[in-house]
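Protein sequence lines, in the order shown, are assigned to chains A and B. 1 is the number of the first residue of the first sequence in the working numbering; add one for each residue after it. 278 is the number of the first residue of the second sequence in the working numbering; add one for each residue after it.
Because the hints were derived from the structure by calculation, they are not lab data. Hints should not be assumed to be uniformly reliable.
Claimed, not checked - Some chain B residues judged to face chain A by a derived CB distance under 8 Å, without partners named:
1) Glu312
2) Met315
3) Pro351
4) Tyr353
5) Arg469
6) Gly571
What the hints assert, rightly or not - List time: in silico EDC-like cross-link candidates among lysine to aspartate or glutamate, alpha-carbon distance up to 20 Å:
7) Lys166/A with Asp470/B
8) Lys81/A with Asp31/A
9) Lys545/B with Asp662/B
10) Lys81/A with Glu585/B
11) Lys657/B with Glu687/B
12) Lys204/A with Asp240/A
13) Lys81/A with Glu136/A
14) Lys188/A with Glu476/B
15) Lys188/A with Asp470/B
16) Lys661/B with Asp519/B
17) Lys545/B with Glu585/B
18) Lys188/A with Asp240/A
19) Lys343/B with Asp497/B
20) Lys37/A with Asp240/A
21) Lys188/A with Asp477/B
22) Lys217/A with Glu254/A
23) Lys81/A with Asp658/B
24) Lys545/B with Glu628/B
As the structure is a computational prediction, the values presented were derived from the model and not from experiment. Note that beta-carbon positions come from the ideal geometry of N, C-alpha and C, so glycine has one too.
If you want the building blocks of each chain, they are given just below.
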Amino acid sequence: MSKDRIDARFAALKAEGRAAFVAYVMAGDPDAATAAKILAGLPGAGADLIELGFPFSDPMAEGPPIQRAAQRALANGMTLKGTLALARGFRETDQATPLILMGYMNLLVTWGIEAFAHDAAEAGVDGLIVVDCPPEEAEPLADALDAAGVSLIRLATPTSDDARLKTIIRRTSGFVYYVSVAGVTGVKEAEADVVAPHVARVRKASGLPVAVGFGIKTPERAAAIARVADAAVVGSALVDAVAEAMEMNEDVTERVLSKVSSLAKAVRSARVGQTTV
Amino acid sequence: MNASHPSSPTRPNDYTAYPDANGRFGDYGGRYVPETLMPLVHELDAAYRAAKADEGFQAELGGFLKHYVGRPSPLYFAERLTAHFGGAKVYLKREELNHTGAHKINNCMGQILLAMRMGKTRIIAETGAGQHGVATATVCARFGLPCIVYMGAVDVERQKPNVFRMNLLGAEVRPVTSGSATLKDAMNEALRDWVTNVEDTYYLIGSAAGPHPYPEMVRDFQAVIGVESRAQILEMEGRLPDAVVACVGGGSNAIGLFHPFLNDEGVKIIGVEASGHGMGTDKHAAAINGGRPGVLHGNKTYLIQDPEGQITEAHSISAGLDYPGIGPEHAWLHDVGRATYLTATDDEALEAFQLCSRLEGIIPALESSHALARLPEITKDLGKDGIVVLNLSGRGDKDVATVAAHLGREA
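In isolation and in its complexed conformation, chain A is listed as follows:
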């Protein structure tokens, strides 16, 4: 079962005594071939888990960087089918790194929820984050993913009180994604000391590892978050690296992977000398 890959990865990192570095990239950004090269290089550059965005025309929770990444990908013909092909290609070279798809509900409704859960599992996808599908609307999706053995990753946020948290973590598996700031991706910055008590609260309520994202751009910030959470997610800064490389006529893959390396290094050394979290 593919959700085991997520559990195995977090168990191994716990034994190592460090947090995970999660890299978010957009499928097909800037084009399918480059995205495949970036994906294949992510584990070597230090990504412990990968979030692969599938582009949607109306990404209501994204800030400008990921909006632009989606537009680049769509302009170059990326589709949900193409995203699954990227996942399948990635699995040919990597069997251990968890791969989480992240995107919006309409493409899944169009594909068919059950068929998609099956096809995603078959492509080697381990988990799914659907930004605009809160627990109230997620029962059919949760059923389909359960049947296919894919984790439904839920989002907890600064607006989630204890009662709401109970609703959120019901039927979640793999890990919980803590949205560290009220806002869209890549705009506000997460403060580790503000985030820490929330992470502890979510971890206690769910019994699952907690990944923190939405406000981490620099290695310093990633390290600070890695000291208080089980994983630090960086997305907007990586898709911005795609844009920067294109602007400066540099090699896109190289620039993205080099940014991943520096972020991963910061996360890996964050707890050196620390005992436990």
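Following the hints, complete the assembly by docking chain B onto the known chain A.
Relative to the frame of chain A, chain B by itself:
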């Protein structure tokens, strides 16, 4: 022109009993928003339910609707249009006589009172043509609340007078350049603002769309149109009409007229979507006639989209109908067969615009002109003994320049 009914769910005994507790009209509606917004959506739902049941709130709203908006609006027998078509008697519900010139203010007045009741201190809204933006800016001015209106950069450019009106009323208009820079993108940007400013901000949605409870709440605030029409036609004709007709973009004026008639089985319910350059082209805004169900902006409904589910651009000569979705209650009324959704093209709307101006001395909004454009067939089908009530949802002063340009004239 008449869309077929793809599925035939069981027809309910009480059409007014929807949405259910989960915000569903059959399979449509719901609350498809990011988790950060879910507690706010629940808070809004609870606050709205309390206000709805509060006689004090209703009395306050009624007072503002009477003295500030100018309600009730007249139901007017359009004698010369009736004679021109030679069929059923045509009555026009004169929403264009409201303050700010359209039905939009009914909803804005209800929501601004609710926002203040909830202690919110900052109002945001989206707008396409600027009509909802102007109505929102108006109530914000009246109650002294800061107002930010998101408007597609393309629309800012083509609706300059409305941008200036909003500025005069003290609102800040933020041009939206993301995506296609039109109404759907303005709505995305308003949602992004809301998710960022969760403490103090009230999102005043202008159409009967968005996450639950918006479709229900906007409908309830607009239902004053149908409630008045029903009482007025009973007084004037001693019976209910044979049909009620309205244009449908997101569908707030239409659902406002339709809702009080839903359980009157003898009353035909007819919505008219904008088919732009024609249903055979990709330039239309007819979500039911030319789209299929999907999820956007917090609800499941009919959407104009490509085969994969990417939302595509809507087109209509009328900016108020230029939206790729439709309110979820319309989607449901279509599926269960209670309402019929026809279409009218840009050219047909332009014809009706001129006809109504010439024969009745009423310049209708281009939006409302789409409903007027289907009157020849509707009045003929109902015959001389029939009665039809059409929602004249807005006045056309704002459209004079657009129409002149299409007719090759200077306004």
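Exercise. Sort out whether Glu628/B lies within 20 Å of Lys545/B, counting only the CA atoms.
Key: violated, 24 Å
Self-check item: Proposed interface contact between Arg469/B and chain A, which counts if any beta carbon pair is under 8 Å
Solution: holds, 5 Å
Quiz item: Under the criterion that the straight-line Cα-Cα distance not exceed 20 Å, is the pair Lys188/A, Asp470/B satisfied?
Solution: Between Lys188/A and Asp470/B the Cα gap is close to 12 Å, so the pair holds against 20 Å.
Quiz item: Is Lys545/B close enough to Asp662/B, meaning Cα to Cα at most 20 Å?
Solution: holds, 15 Å
Quiz item: Taking only the CA atoms, is the gap from Lys204/A to Asp240/A under or equal to 20 Å?
Solution: violated, 34 Å
Self-check item: Agreement of Lys217/A and Glu254/A with the hint, judged by alpha carbon distance not exceeding 20 Å
Solution: holds, 18 Å
Practice problem: Take the C-alpha atoms of Lys166/A and Asp470/B, compute the straight-line distance between them, and say whether it is at most 20 Å. | Solution: violated, 27 Å
Self-check item: Restraint check for Lys657/B with Glu687/B, where alpha carbons must lie at most 20 Å apart
Solution: violated, 35 Å
Exercise. Verify the proposed pairing of Lys81/A with Asp31/A, using a straight-line Cα cut of 20 Å.
Key: Holds: Lys81/A and Asp31/A sit about 14 Å apart, inside 20 Å.
Practice problem: Against chain A, run the beta carbon of Tyr353/B and see if the smallest gap drops under 8 Å. | Solution: Violated, about 40 Å.
Quiz item: Are the Cα atoms of Lys81/A and Glu136/A separated by 20 Å or less?
Solution: violated, 27 Å
Self-check item: Given hint Glu585/B paired with Lys81/A - CA-CA distance at most 20 Å
Solution: Roughly 9 Å separates the two Cα atoms, so the pair holds.
When the structure is compared with the earlier hints, violations turn up for hints 3, 4, 7, 11, 12, 13, 17, 23, 24 and for no others.
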